[in-house]
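> Read top to bottom, the protein sequences are chains A, B and C.
Residue numbers for the first sequence follow my numbering, so the first one is 79 and each next one is one higher.
Residue numbers for the second sequence follow my numbering, so the first one is 15 and each next one is one higher.
Residue numbers for the third sequence follow my numbering, so the first one is -19 and each next one is one higher.
Keep in mind that the hints were calculated from the coordinates and are not lab data.
Keep in mind that this is a model prediction, so the values were computed, not measured.
Each hint should be verified, as a subset may be incorrect.
[Claimed, not checked] Heads up, simulated BS3-like pairs for lysine-lysine below, C-alpha to C-alpha not over 30 Å straight-line:
(1) B/Lys245 <-> B/Lys149
(2) B/Lys215 <-> B/Lys152
(3) C/Lys14 <-> B/Lys215
(4) B/Lys105 <-> B/Lys323
(5) B/Lys132 <-> A/Lys234
(6) A/Lys204 <-> C/Lys171
(7) A/Lys204 <-> C/Lys14
[Stated by the list, open to error] Looking from chain C toward chain B, a few residues come up when the C-beta cut is under 7 Å (computed):
(8) Pro18
(9) Ile50
(10) Gly73
(11) Phe75
(12) Phe76
(13) Gly77
(14) Ala78
(15) Phe81
(16) Asn163
(17) Ser169
(18) Asp196
(19) Arg197
(20) Pro253
(21) Leu261
Quick reminder that beta carbons are idealized off the backbone N, C-alpha and C, glycines included.
Here is what each chain is made of, one letter per residue.
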Amino acid sequence: MSEIAIERGAERSTERGSGLGRWLRNPWRRPVFLAGFTWAYLAWSILPVLIAILFSFNAGRSRSVWQGFSMRWWTGDPNDALFHDPALRQAIVQSLRLSFITMIIAVPLGTMFAIALDRWHGRPAKTANFGMLFSFVMPEIILGVSLYLLFTNLFKGFVHLGTGAQLLGLITFQLSYPVIIVRARLLTIGPEYEEAAMDLGATPGQALWRALLPLLFPAIFASFAITFADTIDDFVTVNYLASTAASQPLSVKIYSAARGSPTPAVNAAATFMLISTMMAIGVGFLIYRVFSRGQRSGEAGAGVTDFVNA
Amino acid sequence: MPSPTERRFSRRQFLYRAAGAAVAVPTLSAILAACAKPGQLPSGVTLLEPARQDRPVTLPLYGREPIATDAPLEEGATLQIYNWDSYLYKKTLKEFTAKYGVNIEYTTYNNMEEGIQKISTGQIKPDVFWTDIDKINKLVMAKLLQPLNHDLIPNLEKNVWPVYQNPFYDQHWRYTVPYVTWTTGVGYRRDHIDDAEVAAKGYDILWDPQYNGKVSIYDDYRTALGMSLLKNGIYDLNTGSEADLKLAADDLVRLLDATNARVSINASYSAFPADEIWLSQAWSGDMVGDQYYLPKGVPTSVLGYWYPKERNGEVNNDTMVIPASAQHPVAAHTFINFMLDKKYAFENFADWVGYQPPQNSINPTELVADGVVPKTIPEAVVRQDDFKKGHLLLELNRDTDQLWFDAWDQVTSGG
Amino acid sequence: MASTVQEPALPDAPPEPKGSKVAHEESSGVWYPKWYWPSFAGPATIWLAIFFILPLYVVLSVAFGTSDPIFGAPLPVYEPWYWSSSSFVHVIGRFFGAAAFWQPALLRTFVFVFLASLLCLLIGFPVAYYVARYGGKHKGLYLLLLVAPFWISYLMRIFAWQSLLTSDGIVNSILRILHIAPNPIDWLSGKPITVILALVYGYIPYLILPVYAGIDRMNVSLLEAGRDLGASPWQTFRRVTLPQSKQAILAGLVIVSLPMFGDYYTNDLMGSPKTSMFGNLIDKTITQQGQGPRAGSLVLILMVILLIPMAYYLRSTRRAAEGEA
Chain A
79 MSEIAIERGA
89 ERSTERGSGL
99 GRWLRNPWRR
109 PVFLAGFTWA
119 YLAWSILPVL
129 IAILFSFNAG
139 RSRSVWQGFS
149 MRWWTGDPND
159 ALFHDPALRQ
169 AIVQSLRLSF
179 ITMIIAVPLG
189 TMFAIALDRW
199 HGRPAKTANF
209 GMLFSFVMPE
219 IILGVSLYLL
229 FTNLFKGFVH
239 LGTGAQLLGL
249 ITFQLSYPVI
259 IVRARLLTIG
269 PEYEEAAMDL
279 GATPGQALWR
289 ALLPLLFPAI
299 FASFAITFAD
309 TIDDFVTVNY
319 LASTAASQPL
329 SVKIYSAARG
339 SPTPAVNAAA
349 TFMLISTMMA
359 IGVGFLIYRV
369 FSRGQRSGEA
379 GAGVTDFVNA
Chain B
15 MPSPTERRFS
25 RRQFLYRAAG
35 AAVAVPTLSA
45 ILAACAKPGQ
55 LPSGVTLLEP
65 ARQDRPVTLP
75 LYGREPIATD
85 APLEEGATLQ
95 IYNWDSYLYK
105 KTLKEFTAKY
115 GVNIEYTTYN
125 NMEEGIQKIS
135 TGQIKPDVFW
145 TDIDKINKLV
155 MAKLLQPLNH
165 DLIPNLEKNV
175 WPVYQNPFYD
185 QHWRYTVPYV
195 TWTTGVGYRR
205 DHIDDAEVAA
215 KGYDILWDPQ
225 YNGKVSIYDD
235 YRTALGMSLL
245 KNGIYDLNTG
255 SEADLKLAAD
265 DLVRLLDATN
275 ARVSINASYS
285 AFPADEIWLS
295 QAWSGDMVGD
305 QYYLPKGVPT
315 SVLGYWYPKE
325 RNGEVNNDTM
335 VIPASAQHPV
345 AAHTFINFML
355 DKKYAFENFA
365 DWVGYQPPQN
375 SINPTELVAD
385 GVVPKTIPEA
395 VVRQDDFKKG
405 HLLLELNRDT
415 DQLWFDAWDQ
425 VTSGG
Chain C
-19 MASTVQEPAL
-9 PDAPPEPKGS
1 KVAHEESSGV
11 WYPKWYWPSF
21 AGPATIWLAI
31 FFILPLYVVL
41 SVAFGTSDPI
51 FGAPLPVYEP
61 WYWSSSSFVH
71 VIGRFFGAAA
81 FWQPALLRTF
91 VFVFLASLLC
101 LLIGFPVAYY
111 VARYGGKHKG
121 LYLLLLVAPF
131 WISYLMRIFA
141 WQSLLTSDGI
151 VNSILRILHI
161 APNPIDWLSG
171 KPITVILALV
181 YGYIPYLILP
191 VYAGIDRMNV
201 SLLEAGRDLG
211 ASPWQTFRRV
221 TLPQSKQAIL
231 AGLVIVSLPM
241 FGDYYTNDLM
251 GSPKTSMFGN
261 LIDKTITQQG
271 QGPRAGSLVL
281 ILMVILLIPM
291 AYYLRSTRRA
301 AEGEA
């Protein structure tokens, strides 16, 4: 919606009718209701989380009644605090471990797949595409349960439940994200760059590596960040494929605690996870900006939109 | 009772199946499983009838002998213990290591099915394992346990209650020794609810709508349905009667409607001491242990426990066993004997677990006087004749088990 | 890398002999050997085949298999000619037969998903529309705030609501202060409204983003043309905006409603057994002894339920893409 059109609309509104009615009927007016609605939604969306973060600093045991500020659930309480509870600490380590390994395997695998799907137009490509999209919208419980049955029956001797099985499941589930993101970017990149490279004497491999891949860096980094963030939050797959307490990441611990009688230490744990995710996203975004400096348009805020649309 | 499917497999079909398995699954174990005619029992094994008090079971040995009495203790080795979380006092374990020079590694399972599955696939080779009574037949039929050498566990006959000396579920103690006992009753917060009210209503108080949102029952199909059966005057806790089970299930649905009860396995020792739940179906051991879960400053007098006055509620015990795949069987026997010693059994119970071992030396009347059991919950003490007057949840055959599952399904799916 | 560059790919080059490995990719116009792209797709395809397709076959084998006579663990039967449909038939009976006590859960799931998806659309579309069309300078900020929920764990967001909805929580306090509800309402005791709103809260970001992307790509001049010709805002919306954003709305609805069908943890945390959904049925049976075939059948039924909207969506996407091209 152009700014000019809105100003024109302001002029046009002086034409007929009473004040409020005129204002309502004006098709060019500023959309106050929509703006208010949007801000109300954003508040509804973000506030509960902010409150939960706040309550991790609650002095008392309640998660709903504020009893004063304290660092007790983070470091203070010798038994229940986040940093003194070895089970919670281990869960954090497990979450980070799973996310990191999943990320570095799923993204290259998915990127290669995306490039292939974009360039290869055979029948198998369409089937593979369908399979990938199906895995994207399928409820995670189907994947979790089917992998659980796979590992406890068909692969009974090979793969034991635990971190290994969790990684296999997570990579499978996350594979579609890099594919979708990279493919979306590929659609805007034509074959000209590789053609030019090959005309200049590059082999197909060199053309790909040195011409196409750098153009894809923003999408690839976006994939890294999003895969990391999504894996840290994953619950269903890791729950079914976990074995001992050591292989239960933080999301499972939060779930078990939430069904029992949780203390604000759980809030602290969730906040910690949130911070690490934000940091991962932040790093990804910074790297994205550095690498796409030459490609970005001049509009302010376009960096974020590109990142999101990448 | 094999189903029609299981009877279908003939020799010719088993060859097809083996071939199919060889194509689909390149693992030896899968091929062996295929050759073993799926859905059939392992060779040489007949289906054991579930044990009942009036139908005692002598578990077959399948031609195996216990280990030799003079086998040397595996000093310096690491004993593998596979148990529920927090079910053994760490200090007692350290005392074992100090006394015998054998280290201990404690692995936990989240539920018994998982534990059994890991043992049967060989993923874990524990030396000592804990199991409820209703799993013993199954473990024996699957040849997962080894017979015990009683010369190595003299404390069994010496210290354990006479009522156990030749239990109906394992005559002559071939495979098991008892670990702890418990009753299942109703825990209540005395700071909100009167003793007199609970004593008058008994199980019914869990159905009382005035306690909406403050009630919890166990997320276990046998325990929850069992309580509903008792409440309705049905004392056969292993019934196969569909009518009885339907009655129990309908009543539980009514309970969920009336009080929006939480269905949870840990409410009795997490939400209950945290004062979020006032009425909880509870095992006696959880109640005794609750004195350690109460927040600072809250006196143990808030704990209340109700069990029928006639002591005819639900009672049970679990057992320790030695798996067939144990790598250190002598140390395992020594450990079991150690845990049956009156000093260590008491220490484990009083200072940590809260579940009472069936030791002769433990005088139920003294437990309250000594402060081991908070004095407001004297009913939580288990007495020997509770096993005569009370009712146990025992093993069910497949079809009956399915009926119980179906009844529980009805309760938990909002149907 | 292979330095075997083949002959030039002129559009009207003579057809290659059959079986020749030498070929060219006409579509991309550059010279890649025939095995190139398949080898790129290879690893991921093999991965998906082993860890996505094969497990689904195992589910079939479990659903139509039997169980171990001793422990009742599921025994999958891999040869289709030995499959037994007794467990599957039994499960269908639980949904539609005489003792159909799973039927409420099935119906409830459809109702919850429908209402939650509808609410997601009614709330999410205006937000997406506003940000896409009127975002202007602050678009980046809006987008950041819209995308933030993706990076906050779903569990944490629902957990946050759990704290707010307790009897002594903030929601009840606000309602009391505003005199709407003097007595605390027990939100977490199995109220359908709680579960539905929780689903909306959890899944709505997944709808807003595709819808935003779709509206963002819309041709704004058409809208302005509509208004210039005298159409009221509502008419413009109905006849110009809505048809153009139909594809994006469909995408958003699919991305939101399909996973919702398998959701069970939202009900676990915000509801009670009284508001069980289909996912809860699967979760309960898979963890119980002796129920393997039933769990497999349930997963199978869920997949079948979802295949239809999924196929419809894929077909309409492809048709739309072809329409645009």
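> Of the hints stated earlier, which fail here?
2, 3, 4, 6, 8, 10, 11, 12, 13, 14, 16, 18, 19
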